[in-house]
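Participant: All chains, full assembly: derive it from the sequences and hints.
The sequence shown lines up with residues 305 to 946 when you count with the numbering used here.
Since the hints were made in silico from the structure, they are not lab data. As the structure is a computational prediction, the values presented were derived from the model and not from experiment. A hint or two may mislead.
In silico DSSO-like pairs for lysine-lysine, Cα to Cα no more than 30 Å straight-line [stated by the list, open to error]:
1. K429 - K769
2. K807 - K454
3. K780 - K769
4. K429 - K798
5. K798 - K454
6. K780 - K743
7. K801 - K454
8. K454 - K428
9. K769 - K428
10. K780 - K801
11. K780 - K807
12. K807 - K429
13. K429 - K465
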Amino acid sequence: MDQPPHPEFRRLRIFAFDPSVDVGLDAIGVNQTVVQVPWEDLDKGPRGRYLEVMDIDPASGGAYAPVDLNHPHLLATDGLPPSTGNPQFHQQMVYAVAMTTITHFERALGRVSLWAEDYDAEAKKYHAVEHLRIYPHALREANAYYDPDKVALLFGYFIAKPVRRAAVLPGGMVFTCLSQDVIAHETTHALLDGLHPRFAEPTNADVLAFHEAFADVVALFQHFTFPEVLRHQIARTRGDLASENLLAQLAREFSQGSGHYGALRDALGENVDGTWRSATPETVQYTALQEPHDRGAVLVGAVFDAFILMYKDRTADLLRIASAGTGVLDAGALHPDLVNRLASEAASISGHVLQMCIRALDYCPPVDITFGEYLRALVTADHEVSRADERGYRAAFIEAFRRRGIYPPDVRSLSEESLRWEPPSAQHQEALCRLLSDKGLISILEAVVEWDLRCDRMVALTKAKTAAGELHGHLKLAMVHDRVLQEALGLDLKLNKDGTLEKFEVHSVRPARRVGRDGQLQMDLVVEILQTRDETDAANAAHGRPADGQKFRFRGGCTLLIDLFALQRAALNAPQASGCIVRYSIYKRMTSQRRRERQWAYVHGQLNAGTRALYFGTSSSTYVQAPFAMVHRHGTGAEHEH
Numbered sequence: 305m306d307q308p309p310h311p312e313f314r315r316l317r318i319f320a321f322d323p324s325v326d327v328g329l330d331a332i333g334v335n336q337t338v339v340q341v342p343w344e345d346l347d348k349g350p351r352g353r354y355l356e357v358m359d360i361d362p363a364s365g366g367a368y369a370p371v372d373l374n375h376p377h378l379l380a381t382d383g384l385p386p387s388t389g390n391p392q393f394h395q396q397m398v399y400a401v402a403m404t405t406i407t408h409f410e411r412a413l414g415r416v417s418l419w420a421e422d423y424d425a426e427a428k429k430y431h432a433v434e435h436l437r438i439y440p441h442a443l444r445e446a447n448a449y450y451d452p453d454k455v456a457l458l459f460g461y462f463i464a465k466p467v468r469r470a471a472v473l474p475g476g477m478v479f480t481c482l483s484q485d486v487i488a489h490e491t492t493h494a495l496l497d498g499l500h501p502r503f504a505e506p507t508n509a510d511v512l513a514f515h516e517a518f519a520d521v522v523a524l525f526q527h528f529t530f531p532e533v534l535r536h537q538i539a540r541t542r543g544d545l546a547s548e549n550l551l552a553q554l555a556r557e558f559s560q561g562s563g564h565y566g567a568l569r570d571a572l573g574e575n576v577d578g579t580w581r582s583a584t585p586e587t588v589q590y591t592a593l594q595e596p597h598d599r600g601a602v603l604v605g606a607v608f609d610a611f612i613l614m615y616k617d618r619t620a621d622l623l624r625i626a627s628a629g630t631g632v633l634d635a636g637a638l639h640p641d642l643v644n645r646l647a648s649e650a651a652s653i654s655g656h657v658l659q660m661c662i663r664a665l666d667y668c669p670p671v672d673i674t675f676g677e678y679l680r681a682l683v684t685a686d687h688e689v690s691r692a693d694e695r696g697y698r699a700a701f702i703e704a705f706r707r708r709g710i711y712p713p714d715v716r717s718l719s720e721e722s723l724r725w726e727p728p729s730a731q732h733q734e735a736l737c738r739l740l741s742d743k744g745l746i747s748i749l750e751a752v753v754e755w756d757l758r759c760d761r762m763v764a765l766t767k768a769k770t771a772a773g774e775l776h777g778h779l780k781l782a783m784v785h786d787r788v789l790q791e792a793l794g795l796d797l798k799l800n801k802d803g804t805l806e807k808f809e810v811h812s813v814r815p816a817r818r819v820g821r822d823g824q825l826q827m828d829l830v831v832e833i834l835q836t837r838d839e840t841d842a843a844n845a846a847h848g849r850p851a852d853g854q855k856f857r858f859r860g861g862c863t864l865l866i867d868l869f870a871l872q873r874a875a876l877n878a879p880q881a882s883g884c885i886v887r888y889s890i891y892k893r894m895t896s897q898r899r900r901e902r903q904w905a906y907v908h909g910q911l912n913a914g915t916r917a918l919y920f921g922t923s924s925s926t927y928v929q930a931p932f933a934m935v936h937r938h939g940t941g942a943e944h945e946h
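Facilitator: So this is what it looks like as structure tokens:
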């Protein structure tokens, strides 16, 4: 008898928020939900293609038996029931939520996800990392964080010390691995680090804040994927998602167990001494706040404001119908049919917002990102999906960012046309076409397209590294005699004494798939090229800076969006291929004196002493990722007091 096909999904039970939400009578039963994660063959742990759960407890010197999610009883019952006291459920919880987060990334980007590579300092080589390791009980403290050196997620547990009126039992145990928000947040850190490892370098006040904000955004909008929770909160707020609700809050149990009121972070307001109050967007906040979690909250607020603007616009007709045209609902509970329709609209909008936010990562500069540049990436990426902004998604984002005082640099206005990234100039396009039209190079680059949602992840990584190496070789030869090509890539490479160029890297070559609202498939190659230069004392003195023996690390380069179909036409020598291969070039130019001065001023004047000491170094070795950990050590987020 032939083997039956494997299921499409594995159903697993989780807490939609954290165990404390079950305490309230109005939410009982809603917090325990079931998620569907893509089916994969699992070993005990669980251990699959992406994740390996290692349940070791260093504080007690013990280890917990790994859960077997393939056991027939667990397959038949959607896994273990939610439990604070069962370590095997803790393992199931971190696996299910992490896989849910990975799935959202892959659906938005159209390719399987890769983790950051591990650097072997002795061999001076990077090694592929197949599994992100997850330690549910790694720390006996109020802490959870992503460790880029271990390529692992470490979750802590601690004894609760809540204030009065908290839903957390005084003296009870709080497990961060049972918070959907904390797990999704930390998994997003790992996914973002695998995609943009240079976003862990604090080159301006927005960089680490962006890491924190983006992780919060993903965790928040995953709330909207739980239908029972969404309907419950819409019924409780009578459809007003701009009022206090669980969907906009993060890590309530962690916060209350640590002695605070309310949630750890709230996209809509704050809890002051037990009283919730709505927050009014202020344009001065963005420039005034420097701590990464606080500054990141401004970006989270802008994204959630955009969602609220869309939600109100899309549900106004439903409210008019339900209120006989007044738009003001009668007192009392909403009709279940209205709750379902409002929930359907909220789920659709939130899903699109989450996809917009993730897709925009392919349209970001490779280093030194700012919030304003992320807005440009959002607008450009969504324009690629739909030329006409018929539902007003992009307009809502632009308005929400404006309300928070987030303005992109170097744009003429806040119009969509002005915010979209620009294609290379005619001269630069010509130089790039000369480089990319080589048939041998095209065949290597085309192999990267096999990096899709069904491929072997390690094979995809190998082909991507091969393509990056091949492109690097072509660039190294071409740029010796082509200064225009260097300019097109944002580089400033000087010749060494032996006639070779300064070092640079082709950091990434990856595919980006977009199915537009017109049903057309757009295939791009995303190429990131970087240059690094350590300024010497002489360079410091030349710019009026102290010659203190410290080396200032400055990076630049670009992200290119290459039209794969145009590239293939170029391989066939089709005449229509000329001048249209590179659709966008997103620069951080090495020649920008203004950016160099801003970065120097920031790392000298606004980083705390500990982070600054780690940022600077006398060694020219690979950049230490400690500043990322430093934020988690001193931040006010889920990584508090590491």
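Participant: Evaluate each hint against the coordinates.
Facilitator: Each hint, compared with the structure:
1. Between K429 and K769, the direct Cα distance comes to roughly 13 Å. Compliance with the 30 Å bound is thereby established for this hinted pair.
2. Under the criterion of a C-alpha separation no larger than 30 Å, the hint pairing K807 with K454 is consistent with the structure, at around 27 Å.
3. Our distance criterion of 30 Å between C-alpha atoms is met by K780 and K769, whose separation comes to about 16 Å.
4. Distance restraint check for K429 and K798: the Cα-Cα separation of roughly 25 Å lies within the 30 Å cut-off, and the hinted pair is therefore satisfied.
5. The suggested pairing of K798 with K454 is violated, with an alpha-carbon distance near 36 Å, which exceeds 30 Å.
6. Among the hinted pairs, K780 with K743 is consistent with the structure: their alpha-carbon atoms are about 17 Å apart, no more than 30 Å.
7. Between K801 and K454 the CA atoms are separated by roughly 39 Å; this puts the pair beyond 30 Å, and the hint is violated.
8. Between K454 and K428, the direct Cα distance comes to roughly 16 Å. Compliance with the 30 Å bound is thereby established for this hinted pair.
9. With a C-alpha separation of about 17 Å, the suggested pair K769 and K428 falls inside the 30 Å cut-off, and the hint holds.
10. Taken as a hint, the K780 and K801 pair is honoured in the structure, with Cα atoms around 16 Å apart against an allowance of 30 Å.
11. Of the pairs offered as hints, the one joining K780 and K807 holds, with about 9 Å between alpha carbons and a cut-off of 30 Å not exceeded.
12. Restraint check: the Cα-Cα separation between K807 and K429 comes to about 16 Å, which is no more than 30 Å; the hinted pair holds.
13. Distance restraint check for K429 and K465: the Cα-Cα separation of roughly 45 Å exceeds the 30 Å cut-off, and the hinted pair is therefore not satisfied.
Violation of the numbered hints given earlier is confined to hints 5, 7 and 13; the remaining hints are satisfied by the structure.
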